[in-house]
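In the working numbering, each residue's number is its place in the sequence shown (first place is 1) plus 11.
What the hints contain is simulated information worked out from the structure, not anything from laboratory work.
Every value quoted in this text rests on a predicted model; they were computed, and no experiment measured them.
C-beta: ideal position from N, C-alpha, C; glycine also.
Keep in mind that the hints are not guaranteed to be accurate.
[As the list claims (entries may be wrong)] If you anchor each label on the Cβ, the simulated ranges turn out as follows: (1) A456 / E174: 25 to 35 Å; (2) I319 / K93: 45 to 55 Å; (3) T135 / G318: 57 to 67 Å; (4) I395 / V66: 11 to 21 Å; (5) G171 / A262: 16 to 26 Å; (6) E376 / A46: 57 to 67 Å; (7) N282 / S457: 13 to 23 Å; (8) D182 / R271: 28 to 38 Å; (9) N448 / N371: 29 to 39 Å; (10) L447 / I319: 16 to 26 Å; (11) G73 / G389: 17 to 27 Å; (12) K93 / K455: 45 to 55 Å.
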Amino acid sequence: MSQITIMAKLPKLKGSTPQYKQVVLPTQLFDDIEALGLSNIQKNKAYHFIDYLMVQSDRKYGMPYCFTSFSYGLFLEIFNSKYMKFVRPLKELGIIDCDEVFSVDGNKPHNYRVHKDYFTTDDTTTKVQVAYYSNEYDDSEEVITKSVDFIKSLYIPYDGLREALKQKLYDIAVAEYVTNHGIKEERIKVFDGERHYYIGRDKAIEKATKWGVEVFEDGGKYFLMDKSEYKKMKLNHIKRSYQTVIENLRAGNIHVGRNRTNNRLDTNLTNMPSCLYNVIAKANSLMQVDAVNSQYAILADIMRNEGIEGDFIKDAQDGNLYENVEQKLNLEDRDAAKKGLMQVIFAPSFYGGTFKDGLNKIYPELIAFTDGYKEDKGHNQLAIMLQKFESGMYIDEISNELQKNGVECTSKHDSIICRASDVDVVLDTMKEKMMLNGFVCQLKAS
Numbered sequence: 012m013s014q015i016t017i018m019a020k021l022p023k024l025k026g027s028t029p030q031y032k033q034v035v036l037p038t039q040l041f042d043d044i045e046a047l048g049l050s051n052i053q054k055n056k057a058y059h060f061i062d063y064l065m066v067q068s069d070r071k072y073g074m075p076y077c078f079t080s081f082s083y084g085l086f087l088e089i090f091n092s093k094y095m096k097f098v099r100p101l102k103e104l105g106i107i108d109c110d111e112v113f114s115v116d117g118n119k120p121h122n123y124r125v126h127k128d129y130f131t132t133d134d135t136t137t138k139v140q141v142a143y144y145s146n147e148y149d150d151s152e153e154v155i156t157k158s159v160d161f162i163k164s165l166y167i168p169y170d171g172l173r174e175a176l177k178q179k180l181y182d183i184a185v186a187e188y189v190t191n192h193g194i195k196e197e198r199i200k201v202f203d204g205e206r207h208y209y210i211g212r213d214k215a216i217e218k219a220t221k222w223g224v225e226v227f228e229d230g231g232k233y234f235l236m237d238k239s240e241y242k243k244m245k246l247n248h249i250k251r252s253y254q255t256v257i258e259n260l261r262a263g264n265i266h267v268g269r270n271r272t273n274n275r276l277d278t279n280l281t282n283m284p285s286c287l288y289n290v291i292a293k294a295n296s297l298m299q300v301d302a303v304n305s306q307y308a309i310l311a312d313i314m315r316n317e318g319i320e321g322d323f324i325k326d327a328q329d330g331n332l333y334e335n336v337e338q339k340l341n342l343e344d345r346d347a348a349k350k351g352l353m354q355v356i357f358a359p360s361f362y363g364g365t366f367k368d369g370l371n372k373i374y375p376e377l378i379a380f381t382d383g384y385k386e387d388k389g390h391n392q393l394a395i396m397l398q399k400f401e402s403g404m405y406i407d408e409i410s411n412e413l414q415k416n417g418v419e420c421t422s423k424h425d426s427i428i429c430r431a432s433d434v435d436v437v438l439d440t441m442k443e444k445m446m447l448n449g450f451v452c453q454l455k456a457s
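Please construct the entire structure, taking both the sequences and the accompanying hints into account.
Listed below in structure tokens is the structure:
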């Protein structure tokens with residue numbers, strides 16, 4: 012992996028300090044951007060934009076080349092009004108694609124993606140350092156500065172991280188997928204290499220047969236494409252994205268900021284692949300104290316406060332939700348229950364299938380409430396509402412309290428990461444804060 016550093020002098024923004032990140036790119040993608048002849052500032056912005064598209068696509072779809080919305084307002088906020096100086100040449104050379112669908116009345120922004128050929132034909136990488144201003148970082152917020160200090164204090168065993176990456180790539184290379192009629196769900200959301208859509212399983216198999224490919228499931232997501240092409244893309248993507256995580260730690264690029272959508276803390280640890288995090292946790296005697304099936308416990312609390320009754324509320328608050336769904340629906344394991352719940356509860360209300368039918372028999376009050384909420388507010392608003400509740404609890408109350416009392420820690424969604432020596436203090440603080448808020452949930456340390 013080669014390295015390039017772009018020393019772009021960013022325009023000074025009042026009250027803002029530039030931050031830096033390492034971006035690991037397919038080498039051909041890097042070469043094509045370099046060939047555009049952009050100034051250093053515009054080139055820096057181009058790399059920042061490319062990285063944003065890849066990261067957002069990965070977080071939402073698990074791969075780096077899916078269309079991601081990017082509004083005019085977001086361009087102005089991140090890049091200023093001259094953003095077309097780098098966007099236009101990226102489009103003209105075919106480095107990025109744009110759906111060219113825009114509607115002011117419908118509040119529909121353009122969608123962009125990095126061209127997929129970069130991730131299926133090239134397994135060499137080049138590392139670029141990019142400077143940027145973050146609209147999430149606020150060094151006046153103590154929970155952010157304390158979290159930065161905590162992450163900076165950690166010992167990073169780079170040899171162990173490299174070995175974990177090698178093992179991950181091996182596991183992907185030998186993985187087998189459930190295919191075609193082995194898929195139990197009757198209606199699935201598939202990605203066919205170009206777009207995502209809901210389709211009946213049998214109809215998807217018909218289409219796959221016509222195209223000479225297969226329908227298969229990987230990690231709770233469904234694909235309608237050539238398995239060998241998918242696996243090659245996934246190997247390249249995992250290698251590049253994991254290298255990006257490692258290289259940012261090596262460079263000391265510690266990022267901690269409040270997510271603008273759900274107020275969560277986004278840090279180097281929150282989106283870190285578990286196999287890499289486990290290496291760091293072991294080297295630093297870290298533990299996580301988390302709320303069992305947290306978002307469903309929050310949902311149960313909201314439903315209870317609205318006078319709704321049913322078995323879901325008790326099961327979610329007792330921490331037995333996944334186990335009960337696994338048993339009552341005769342599923343393969345607890346993980347199948349967890350994935351199935353997530354797919355049904357946070358999908359659009361029209362999403363159906365055998366799992367939803369079974370869930371409706373067990374917890375009719377859950378399906379009625381969540382479908383009604385999504386129809387009224389929009390299906391993505393349910394997850395955002397629950398995540399904002401989590402943020403208020405785990406960041407603004409629990410993390411703040413712990414850090415003020417000298418406990419080194421940071422939050423990770425519905426958990427607190429701390430040193431093993433502080434677990435008892437963290438548990439006591441979480442119980443106290445939850446009790447004061449009338450919130451019922453089971454805790455576990457691992």
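Each hint, compared with the structure:
1. A C-beta distance of roughly 26 Å is found between A456 and E174, which places it inside the suggested range of 25 to 35 Å.
2. Between I319 and K93 the beta carbons are some 52 Å apart, a value that agrees with the proposed interval 45 to 55 Å.
3. At about 60 Å, the CB distance of T135 to G318 agrees with the hint of 57 to 67 Å.
4. The given range of 11 to 21 Å is respected by I395 and V66, whose C-beta atoms sit roughly 19 Å from each other.
5. About 18 Å separates the C-beta atoms of G171 and A262, a value consistent with the hinted range of 16 to 26 Å.
6. In this structure the supplied range 57 to 67 Å holds for E376 paired with A46, their Cβ-Cβ distance being about 59 Å.
7. One distance hint, 13 to 23 Å for the beta-carbon pair N282 and S457, holds here, with the actual separation near 19 Å.
8. The hint said 28 to 38 Å for the Cβ distance between D182 and R271, and at roughly 34 Å that hint holds.
9. Our hint of 29 to 39 Å for N448 and N371 holds, since their Cβ atoms are close to 30 Å apart.
10. The hinted range of 16 to 26 Å is satisfied by L447 and I319, whose Cβ atoms lie roughly 23 Å apart.
11. Between G73 and G389 the beta carbon distance is about 22 Å. The supplied range of 17 to 27 Å therefore holds.
12. The beta-carbon spacing between K93 and K455, approximately 51 Å, falls within the hinted interval of 45 to 55 Å.
Checked against the numbered hints listed earlier, the structure breaks none of them; every hint is satisfied.
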